[in-house]
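Chemist: Residues per chain are reported as follows:
Protein chains: 2
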Amino acid sequence: MDNPFLVEVTRGQLVESRHRGSISVVDADGATVLSIGDVDRRVFPRSAVKALQALPLLERGIADKFDLTDEEIALACASHSGESEHVRVAGTMLAKAGRDVGCLECGTHWPMGESASRALAAEGKTPNALHNNCSGKHAGFICLACGTGNDPKGYVGADHPVQRMVRETLEDVTGACHSMEKSGTDGCSIPTYAIRLPSLAFGFAKFGTGAGLSGEARAAAERIRKAVAAHPFMVAGTGRFDTKLMEILRERAFVKVGAEGIYCATFPELGYGIALKVDDGHVRAAEAMMAGLVLRFLPLNDQERAAVEALAQPVFKNWNGIEVGGIRLTPALLG
Amino acid sequence: MDNPFLVEVTRGQLVESRHRGSISVVDADGATVLSIGDVDRRVFPRSAVKALQALPLLERGIADKFDLTDEEIALACASHSGESEHVRVAGTMLAKAGRDVGCLECGTHWPMGESASRALAAEGKTPNALHNNCSGKHAGFICLACGTGNDPKGYVGADHPVQRMVRETLEDVTGACHSMEKSGTDGCSIPTYAIRLPSLAFGFAKFGTGAGLSGEARAAAERIRKAVAAHPFMVAGTGRFDTKLMEILRERAFVKVGAEGIYCATFPELGYGIALKVDDGHVRAAEAMMAGLVLRFLPLNDQERAAVEALAQPVFKNWNGIEVGGIRLTPALLG
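Going down the list, the sequences are from chains A and B. End of the first sequence sits at 372 in the working numbering; the numbers just go up one at a time, nothing left out. End of the second sequence sits at 372 in the working numbering; the numbers just go up one at a time, nothing left out.
Do not rely on the hints blindly, as some may be mistaken.
Note that the list lumps identical chains together, so a pair holds whenever it fits in one copy or between two copies.
[To be verified] Here are the computed lysine to aspartate or glutamate pairs in the EDC-like style, where the Cα-Cα straight-line distance is at most 20 Å: (1) LYS263 to GLU306; (2) LYS281 to GLU122; (3) LYS219 to GLU45; (4) LYS162 to GLU151; (5) LYS263 to GLU360; (6) LYS263 to ASP77; (7) LYS162 to GLU208; (8) LYS219 to GLU208; (9) LYS133 to ASP107; (10) LYS133 to GLU45; (11) LYS219 to ASP339; (12) LYS281 to GLU108; (13) LYS219 to ASP107; (14) LYS102 to ASP188; (15) LYS219 to GLU360; (16) LYS190 to ASP137.
Treat the hints as calculated values from the structure; they're not laboratory data.
Given these sequences and hints, build the entire structure.
Modeler: Here's what the structure looks like:
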């Protein structure tokens, strides 16, 4: 089955590039609200499920035990830009568990944010593992290990108690079996388990509404959603799509990007969960599609609509500020 | 017509993302050697035709008049990384025409190369127009203007004598009409004219062989090819695909990337010109496809084959050096 064209990139009067993709929107009963393209092909959810991976930290009372703040909880769900505030908060999370940067097993890279990367270089510094875009999630894993009496060493391994807790939570929430033979290794070295989009969307409908979750899981999901809505900067960073969209919509939408054009979201007031994948993995298309689904489903006032429209169908300007083209969504997506 | 899958991006045992595209390979008579996908859809050649855009500078004797070196001629065809050597050479080109950075109309951006960008920041500096990846091409345009007695001011405009000379050359070499209604504005503000892939490939077959070109154009094309083969660092930069491939193959292949997944090339010993476009604009797929066409067509020794194979089907390692997946080409491309 060929997935349809959902995003067009224009230049002058022509379409220069095109993106295909698939989308699943389901409600908290698991009923299909919208299905576009081949949603049965398994995809790696990558960083789009970080909020679900953070649930055990809250459910098991570890966040309270270590007195984690809302900013720290938001950072546990982040693919952050490595700005100084992100790095600082990742450090305080580790300190609360009595650990430091030396425990992180995510690897080191220059900050994802280009400005942050140059700022670090301008200080004559080089990055450490706290600058890794996943350091907040990993700091959360280390808190989870320490808080449950486990040695964090090797916490990225599929057989470590941390990853077993995380996998059980992912299976509980999505209802999908997470088997090793359908797994891959993520950029930060933890396992990522291939899953069908409707299962992923169902998980996020439950995450957004609490329906079908235990009391602890429901409270954990609500706390995560409120923490991220209060601190959208922490989950991404300056100028980033997730930060900008949640600054507009706050608790009305939880959205999270993952590598290779995957996106998960929930619109709690509608009870919807959303999962989408761009065939070619391009994040610009995934972002436009997610903003387009906000336009399609959420009631918005004029100001909100204009702000989301600018994210869904941005205009491209060149280095001299001349308008050269833009992104537009196809009727298949906008409905 | 749906273009076929030509590139797969794997993780673990699964295909995570896929790229479709179209390819045209023609010989210097214009006969089709290979045609994949919808090659009749017009594409913007963007920076992939910089070598053709540099022809008037050589044909009209301006390069000799200003005593341009091979490094400078190579930089005139470049989408460079903004490393200090690129910036220096762009400056000397302008100085030879009696001009300076203030004449450049390409706009300013931080160096395309991340290391170069951080190195500039570490020096406490900010970029100027010499760091723009197109500064060499623009310095060439300014040389062309000054050398032909024209005021360079406004040289990016479609009606300026420089762009008229460039457009006439593009029409001569490709045999395709370059009309304003099918034009767009490039990132560096010059016009880019939509064209069919076979016309583009034909132009590069002529560029690679000299067949069908005037004596001046043939000599100009040969000088450009030799200059780039001698200085492949100048056309891209440290670690970049075009630099690495031409360091392996030297005069046996001229290749040039453009934005949005376009690529042009010529293999002079076979008399072939090549043009390809990735539907979604992803450069990783365009590079893999170009390396795949080298494997398909050019006779290579074991060492060359291994080096090109590593560019065609690279392995991905994560931040901890763990192998997580890679790129592989489909039989439709490898033949």
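Chemist: Next, verify each hint and record whether it holds.
Modeler: Consistency of the hints with the structure:
no.	hint	verdict
1	LYS263 to GLU306	within (14 Å within a copy, 64 Å between copies)
2	LYS281 to GLU122	within (17 Å within a copy, 38 Å between copies)
3	LYS219 to GLU45	between (32 Å within a copy, 17 Å between copies)
4	LYS162 to GLU151	both (15 Å within a copy, 15 Å between copies)
5	LYS263 to GLU360	neither (38 Å within a copy, 37 Å between copies)
6	LYS263 to ASP77	neither (32 Å within a copy, 52 Å between copies)
7	LYS162 to GLU208	neither (41 Å within a copy, 51 Å between copies)
8	LYS219 to GLU208	within (14 Å within a copy, 52 Å between copies)
9	LYS133 to ASP107	within (14 Å within a copy, 60 Å between copies)
10	LYS133 to GLU45	neither (47 Å within a copy, 43 Å between copies)
11	LYS219 to ASP339	neither (44 Å within a copy, 35 Å between copies)
12	LYS281 to GLU108	within (16 Å within a copy, 44 Å between copies)
13	LYS219 to ASP107	neither (34 Å within a copy, 52 Å between copies)
14	LYS102 to ASP188	within (17 Å within a copy, 72 Å between copies)
15	LYS219 to GLU360	between (44 Å within a copy, 16 Å between copies)
16	LYS190 to ASP137	within (12 Å within a copy, 57 Å between copies)
Hint compliance for this structure: hints 5, 6, 7, 10, 11, 13 are not met, and every other hint is.
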